[in-house]
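Each chain, letter by letter, is given below.
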Amino acid sequence: MRNAMPLTKVRPILCAVFSSVILCGFVLPLANAQTSNGAIPLEFDAESFLNNRVDTENERPTEFTWIRGRYANYGGGRSRRGGFGGGFGGRGGWWDTDYPDAESNFLRGVQRYTNIDANSKSYDFLDLTDPRLFEHSFLYMNMKRVPIGSLRSGPDFQPAEIEALREFMFRGGFVLLDDFWGDAHLQDFQTEMAKLFPERELVKLDTRHELFHTFFDINEVAQIPGRAVTWNYNGGFSIDDPNYPPSVYAILDDDGRVMLVANHNADLGDGWEHTFYEPYPTRYSNEAYKIAINFLIYAFTH
Amino acid sequence: MNFILDQHAIDAIQDGRFSFAYGISPWLFALLAFALIGLVVLLYRKTTRALSPAWKAGLISLRSAVLIILLFCLLRPIVTTEQVIPQESYLAVLVDDSQSMTIEDEPGSSSRAQAVSQFLYGDSGVLNALSDTFQIRTFRFDKETQRVVDSADLSSAGTASSIDQALEYVDQQLSGLALGGVLLLSDGADNEGVDPVERAQGFGAREIPIFTVGAGQENIPRDVGIVDVAAAKTVLEGSVFNVDVALSNQGYANREVSLSVYDDDELVTSKNVVLGPDSSTRRFDLELTPEKQEATVYRLEVEELEGEIVLQNNQYSFLVDNSARPALDILYVDGHPRNEYKFIRRAVEEDSSLRLATYLQTGPGKFYRQGIKTPLELSTGFPERADELYQYEAIILGDIDKEFFSDGQLTLIQDFVAERGGGLLVAGMLDDQFVDTVLADILPVSLIESNLLPPTLQGGIARGPHPTGELYTPLLTTAGEFSELLRLHGDDNENQRLWSELPQLQGVYVSGRAKPGATVLMEHPLLQFQNQRLPIIATQRYGSGRSMSITSASTWRWQMMMPAEDQSHERIWRQLLRWLSVSALERVTVEFDREFYHVGDQVNVTATVRDLNYQPDNNASVWMHMSDPDGGVIDNAMDWDIDQDGVYRSSFEVQSEGVFNLMVDVASAAGEADRSDTEKSAAFVVTPSLREYSSAGRDTGLLERIASVSGGRYYDLDATGTLATDISYTPSAYSKEVQEDLWDRPLLLILLIVLLCADWVARRFKGLS
Chain A
1 MRNAMPLTKV RPILCAVFSS VILCGFVLPL ANAQTSNGAI PLEFDAESFL
51 NNRVDTENER PTEFTWIRGR YANYGGGRSR RGGFGGGFGG RGGWWDTDYP
101 DAESNFLRGV QRYTNIDANS KSYDFLDLTD PRLFEHSFLY MNMKRVPIGS
151 LRSGPDFQPA EIEALREFMF RGGFVLLDDF WGDAHLQDFQ TEMAKLFPER
201 ELVKLDTRHE LFHTFFDINE VAQIPGRAVT WNYNGGFSID DPNYPPSVYA
251 ILDDDGRVML VANHNADLGD GWEHTFYEPY PTRYSNEAYK IAINFLIYAF
301 TH
Chain B
1001 MNFILDQHAI DAIQDGRFSF AYGISPWLFA LLAFALIGLV VLLYRKTTRA
1051 LSPAWKAGLI SLRSAVLIIL LFCLLRPIVT TEQVIPQESY LAVLVDDSQS
1101 MTIEDEPGSS SRAQAVSQFL YGDSGVLNAL SDTFQIRTFR FDKETQRVVD
1151 SADLSSAGTA SSIDQALEYV DQQLSGLALG GVLLLSDGAD NEGVDPVERA
1201 QGFGAREIPI FTVGAGQENI PRDVGIVDVA AAKTVLEGSV FNVDVALSNQ
1251 GYANREVSLS VYDDDELVTS KNVVLGPDSS TRRFDLELTP EKQEATVYRL
1301 EVEELEGEIV LQNNQYSFLV DNSARPALDI LYVDGHPRNE YKFIRRAVEE
1351 DSSLRLATYL QTGPGKFYRQ GIKTPLELST GFPERADELY QYEAIILGDI
1401 DKEFFSDGQL TLIQDFVAER GGGLLVAGML DDQFVDTVLA DILPVSLIES
1451 NLLPPTLQGG IARGPHPTGE LYTPLLTTAG EFSELLRLHG DDNENQRLWS
1501 ELPQLQGVYV SGRAKPGATV LMEHPLLQFQ NQRLPIIATQ RYGSGRSMSI
1551 TSASTWRWQM MMPAEDQSHE RIWRQLLRWL SVSALERVTV EFDREFYHVG
1601 DQVNVTATVR DLNYQPDNNA SVWMHMSDPD GGVIDNAMDW DIDQDGVYRS
1651 SFEVQSEGVF NLMVDVASAA GEADRSDTEK SAAFVVTPSL REYSSAGRDT
1701 GLLERIASVS GGRYYDLDAT GTLATDISYT PSAYSKEVQE DLWDRPLLLI
1751 LLIVLLCADW VARRFKGLS
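Those sequence lines, one after another, are chains A and B.
All the letters of the first sequence, read from the start, carry residue numbers 1 to 302 under our numbering.
All the letters of the second sequence, read from the start, carry residue numbers 1001 to 1769 under our numbering.
So that you can see chain B by itself, here it is in the shape it has in the complex (with noise of 0.2 angstroms):
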């Protein structure tokens, strides 16, 4: 019993549940209050000795209080109140074991788990008293649920929060017992994307209150962080990866921090970047070169800035997949020996990513290949199959002749390009034969008949006098100066400079205007057709593929007239050529469902197959072939996905840290097996979870709600004074209605006992009898 009226006794007042146990109502007790009140100020109104009115006024107050206490307490007042019953209810325990509860923003420096496991078993821990009412069932959470004895149990490890898969776990566990509430205590840091107030307003519903103790502060007031890291391949010279890195700031707005890159300890690159204003996510950009060919897991670092409370946010691993893949194969047909030809070979010859076979006229009815990887490559010329011709990812077409090519041939290139989804370059002049053909469908730019060009444009196109062979700086338009195709250097100016170094061009074949959904990159600074810049270099998508035209033959000075070790030709052209076959569509692809993965995750992967058409194979038998870094091997084989053409899925959970290599492979119906291109190896990384860091202050008003919407109560933890009898007296369904008496509070009696001291004492003072 409490020395003064317990809060819930207060609360049982206020909330009108007071009464006497006589059934006299509080009315009939002012009136005979007052009543009393009377009678003593009728008996006081002759006293043996004179007494001025203040001090008859206090002793009337003083014998009235009295006699009221003593009223009260005959009349026997009570309050209604819901209480459990000691030891027939369960009290559910929930403690947040997430890696968030780590962080050290409790008074003392102390992290939020020490806090929490001080409140619960420390010496004066609040389970010691909950016990004395309730049999306590503790669970740990993360984004899983289990029993724990005591704190040896927890460990702060958990890289993801779930209140609501915690909260269904003790519904789950404890629904055949008698569940009379729940203590929750976690930061609040939900992180699994599912809201628990849901599940909380159905504890509410079947009376179970769920009490919620908030641990850390709301808001961090010092950190960065790395929120999300994605690495993709760029077409850039020399395996360059883009990485993507976005940070978070509170507090260090446009400070600048320095981003590093390591392969285990060995830095590999650094940048430093300037932090977006306070509370937001800045995105910023590095460039990794990969030395490895394999799949590499990198480490990302901020640097530690002064004040930091939470620096687990401050590193990143990151997965970067540079393993060795086949060469991009390029067909390139020449219509006849020229520079252009030569040191478009030469640029790429050493880029062990692209595969020029070049099939090179070299006189009149004369062949030449170069390139080939048999004998019988090109053999008999450009190929007339699908199954020949879409075994390159692009194809590029020099000054060639229309009647080099049959209208199958063509067709089949407008396929290539429409639905392999490989890229047509045409890097030459193309003559008047074919305005008509679906090379002019597939190109960035019109084709035009000759005559209809303005007499300036008309009838040159090599070296000479006329206007469209003399030499000219080619324009770069905004979007080529920011395209990755032709980008000699990260830095914008820097590139702007190397690019202003670069030898004129010579001669322009002239084109029509640049298609309305084409990219123009590259125009003649002086040369017009229609008010529009002649496009020297230009793309655009066409079907699946991509196409671009090249009007010039003369990028090869960008080498000749360079000093030797100067890389700009060979960069350009490599760029160009990856840009154009990177996308093209494979027979078969991987991809997995997450950027990254955590232990535990489920990772789901799924394989789109393609028969020797590129048209999706419903009928492959598609295998999964796995090894883990621990050396272990999975093979599975992986299920139609019936609603989708070509997509076969496979499913699993993963769980340990590091790089994992897979490898599909395809039976098709057809029985190709040896094909090369009916397998494909992916990767992907299991890395440590950054979710726990990332908006890791407590969020107080999730828990509230929680509380709130069950009918328990939010507490934040370094006020917990009241919370275990809170949770006794919460009416639950399993609580019982108590009539407590109020008569024997001692507050009553000492009162009392105050109040006859000072009468007796003022009456002898004045000499009253």
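Just chain A, same shape as in the assembly (with noise of 0.2 angstroms):
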């Protein structure tokens, strides 16, 4: 959304919450589908990585690859060519938003608290048609439309795209949708889905899904500040702004597997890409840290 909210007065509230993560680090009861070990299960925390990035094997390739997806509708002057690097013309598309950086610092956290082998430059964006995509079995996509109400870019999927994203889904691959606010967004979101799957329900999860607990136990959905949305330019957030309520959506397979994932009303990328801001809220950044961990793990055993 181009409209920024309104800011906010919540520096000093802030600034307790990231404190109190950083001293307490809470630690979550095990689901009934983990155990310890031994170990004590460990609480994400952004912090722990912040001035301990692994990066000695960073050149090495790694097992998992992040792919980010990028539908073809990104036009109106957007000139992010092929590889990474490849210029940062005018805007226009959306598919990239916070990437590298957002990948970068999301699979530095993968590194450090799972036994994905992943590192923090094992990353990667596809076009939904490219058959290297069946390559790969988790897609990462930024779901918003821009400007809102318009189709200018933004997830319009062609039919070549829903042929592919479908049979990637069927085939076995995990879809995750991020980063689209408020009604408008939740329409367009609903309109893609039911060009992507017909046939099937759009299904609102709650905490009690398997998807919650898989790594860390989450009993609530955050809302991951969206930049532009709740947090602003000039630093000002809207934090759990109740125009925004969070939720998670999902379409299941024939067996009940989640087989696409999509957060309305937060802002997974954000919360990693800026874990490194002071002032966004680490707490929120952990909260992104530990839902999309819990769908990368949720991807890799179901």
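Think of the hints as simulated: they come from the structure by calculation, not from any bench.
Being a predicted model, the structure only gives us computed values, none of them experimental.
Honestly, I wouldn't trust all of these hints.
As the list claims (entries may be wrong) - These stretches of chain A come out as covered by chain B in the derived footprint (C-beta under 8 angstroms, 3 or more residues):
| hint | stretch |
| --- | --- |
| 1 | 60-71 |
| 2 | 110-123 |
| 3 | 161-175 |
| 4 | 220-229 |
What the hints assert, rightly or not - Residues from chain A shown here face chain B by an in silico Cβ test under 10 angstroms; the list is partial:
| hint | residue |
| --- | --- |
| 5 | Thr214 |
| 6 | Ala299 |
| 7 | His302 |
Said to hold, decoys possible - Under 7 angstroms between C-beta atoms, here's a sample of chain B residues computed to sit facing chain A:
| hint | residue |
| --- | --- |
| 8 | His1336 |
| 9 | Pro1337 |
| 10 | Asn1339 |
| 11 | Arg1346 |
| 12 | Gln1361 |
| 13 | Thr1362 |
| 14 | Gly1363 |
| 15 | Arg1513 |
| 16 | Lys1515 |
| 17 | Gln1559 |
| 18 | Met1560 |
| 19 | Met1561 |
| 20 | Ala1564 |
By construction, the Cβ of each residue, glycine as well, lies at the ideal position given by its N, Cα and C atoms.
With the hints as a guide, bring both chains together as one complex.
Here's what the structure looks like:
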């Protein structure tokens, strides 16, 4: 959303939350599906790798590669080409929002907290119709259309993309959609889902779902602040804005497994990207890492 | 008295049992005969009219013959024969009443049974003739023998023939009586495996001759028949059973015939096969995928060919036991979240025959359990006690560090494979630390420290530019191509095509060579170590169990890079894991001594019982609970076999056809009655027998041997004219020596009259007085 939200004076609260997270590092109870095997489960804390970046192995090819999907509808001047670093001309497409800093930070967290073979360089992006998509099983996409109410840029899946995405998921791939806000984006999302899976129901998951307990126990879905939505360029935040109740939608396969998950009213990408941006509340960065790690573990186990 | 000489009289003469009642030797008779001839020649020296020498010789001959016959009769010639004294001894008549007697290969397309019945009981039936001399006792026999009164008691329903048993029965029944002989009517198709010739020799020794009459044709000229059928479950995807069919063939060499399997009247599967050369038996395979999860009797039919006499052996009933069984439990431990883990899980998720209990290390000190039966399962990590680990049939180890295991746990894994008979699959990288552990012993490939590898093979197994991380098309070895573990289709060509369509793999974990006893199923096409291609999939036996190694973590590409509807990845993994786990020892196993039974057969059940540590258990209470096809239920305790550890036995006879379901329940001394693995269900089927129709040609040789060793004679059914007399005159324990006059034979009188007439006419013709 281009319209900035009113800046709220939350900085003192944020600081308190930030400190408490760092100081307390609360420990979540074990989920039924988890066991410690003698070790204490770790609560996610982005601060823990702030000064401890694991870069030594970053050139090594890893088993896991985080793939960001590039939909076709990103015209209007967006000029990112081919590989990363190919020029950042005018805006117009939003598929690469937060790319690649968000990926790099998040993968650093994955590397530190999980046994998934990844490092801060193990990311890439692919067109949805690229056959190499099927060499991966996890796909991340930004779901917002910009400007709101227009089809100028943002997901507007074309038949070939629909076919590729459906096939990707039916073969066992997992899709994570992120960063769409408010009713207008929700409608866009529903429209695209109806195009993608006319035969399937969009379900809203509550936190009892296994997805929220595969690694961390998440009992409340957080509204991860999104730039230009619940926080502004000048640093003002509208934490837990009641206008944007966070929710997680999913599409299930025939066996009840989640094959697509979408965070509405949350911006995981910003949560990762701004991990080290001091004003960004670490608590929400933590939540962004936690839920995405849960998604990843779910994708690797279901 | 016969008009001319009886055969027995001729035999007696040939045997030198001819003499003259007044004690004159045949030589003296010959001398007298010559004297008579001399006298006649003398008297014919002068005749009233002149005669040509030819006429004179003829008249001399006629007159001499008349005189010699008269002399012969006056001297009272006799033959000494053995004869049965009428009604003083018994004759046992044994009639084959087995199914083979229904074969219609007697003249006029009548069955063997009909021909025998006509021979015995028909208008000029031999029993009537024999009853003048003997007291007749008639018996029918198949695998058992019973007394019969008349032909109505014969049904030709016996499912086996035992001549030995029939002779034994007769011997027992008539042992106190004067048994003067046995008449055996059969096609000689004895199939109980006991040679009756020995018993026949015993009869011979006691001077009880056995006369045998063979029914049917020696060679069934044209026949195709099912000899044997066996069905075994495979590890192939989807409860596929392999049905092994043996077809015999006579007269239809290299002919294509259709084999069909029916469930009641519904055609389940069919296949065209080509028969072997004449007089051969060839085996064929059929794949059968039962829809019902129960023991089902199927009917196999081979098409009826023109000119076949025996149609009964063109079908065969057999049992396929597809009863629902508890899923095979597999423990899968993986060191990190990865695609291979995900897709192995997904591959078997819908396979109810397998349960994967997975223990995944998701992060440092964090584990995620899936597929667990109870909240406690794997709650303390990898099992440390045998009874915990032994509840699984197989273990899969993914990329896992040596530190994950204690030494005790590694030893436990070794015992799990070697003693419990479980399967071990290492599907991932094993680091150098495992080289000196028991895992190195168990696996089919040798483990080798990475610094001992050639430089090209060192250092990399992940994706990337390293040779070991590149894409490759794996090579199926010959063993792999035909292995049921990697079978994608029953047809070889189709299987090859499907394999060629699978995407490439990526990356190989470098191990050493395959061990000498290992079977390599798949290899790397390029990379070699010590001149041997790097094994990708290899298997071997280890102790009672099996082990397998898969040295690539990219089989998931067979799923993600193939269309969603393609089931190759699922199929391969299900087959691999079934193979791995299916042969694990069971606490209780039940075996039958035969594949199929027929009514009246004895069923021998053997149960093998193992305790919690899979050692033979001699202290168990073993109960057998059986329900028969008629709804009857039998409960029996099974008896421990003192000669074999852990083996319990029970035997019973089956009396009806159909499926028998059996449950063997074990209560061990340890008192663990509630465990499901102490029960074992099994089923067997009692089917109509086909034994009678395989090799159903008349066994003349056997019947001849029985007759000759016992002092009797063999007859074809259509050449029995002298049988009744022969039986009366054949020496036996109850026959007596009788001197039989020959002078009163009508033949001699007629001959005399003819000669006298001829002499008189000749003399009148020549005007002699």
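Residue hint B/Gly1363, partner chain A, criterion CB-CB below 7 angstroms: Since the shortest Cβ distance to chain A is 4 angstroms, the answer is holds.
Status of the hint placing A/His302 at chain B (closest C-beta pair under 10 angstroms): Result: holds, 7 angstroms to nearest chain B Cβ.
Hint status (Cβ of B/Gln1361 to nearest Cβ of chain A, threshold 7 angstroms): 5 angstroms, holds
Given hint B/Asn1339 near chain A, where the shortest CB pair must fall under 7 angstroms: 5 angstroms, holds
Interface hint status, B/Ala1564 versus chain A (Cβ within 7 angstroms): Nearest chain A Cβ about 4 angstroms off; hint holds.
Interface restraint verdict for B/Met1561 against chain A (beta-carbon cut-off 7 angstroms): 5 angstroms, holds
Cβ contact check, 8 angstroms cutoff: the stretch 60-71 of chain A against chain B, three residues minimum: Result for this restraint: holds, n = 5.
Hint validity - B/His1336 Cβ closer than 7 angstroms to any chain A Cβ: 4 angstroms, holds
B/Gln1559 as an interface hint toward chain A, with CB separation required under 7 angstroms: 6 angstroms, holds
Interface restraint verdict for A/Ala299 against chain B (beta-carbon cut-off 10 angstroms): Holds: closest Cβ of chain B sits about 7 angstroms from A/Ala299, inside 10 angstroms.
Chain B covers the stretch 110-123 of chain A, three or more CB atoms within 8 angstroms, holds or violated: holds (count 5)
Restraint check, 7 angstroms cut-off on beta carbons, for B/Met1560 near chain A: 5 angstroms, holds
Checked against the numbered hints listed earlier, the structure breaks hints 4, 15 and 16; every other hint is satisfied.
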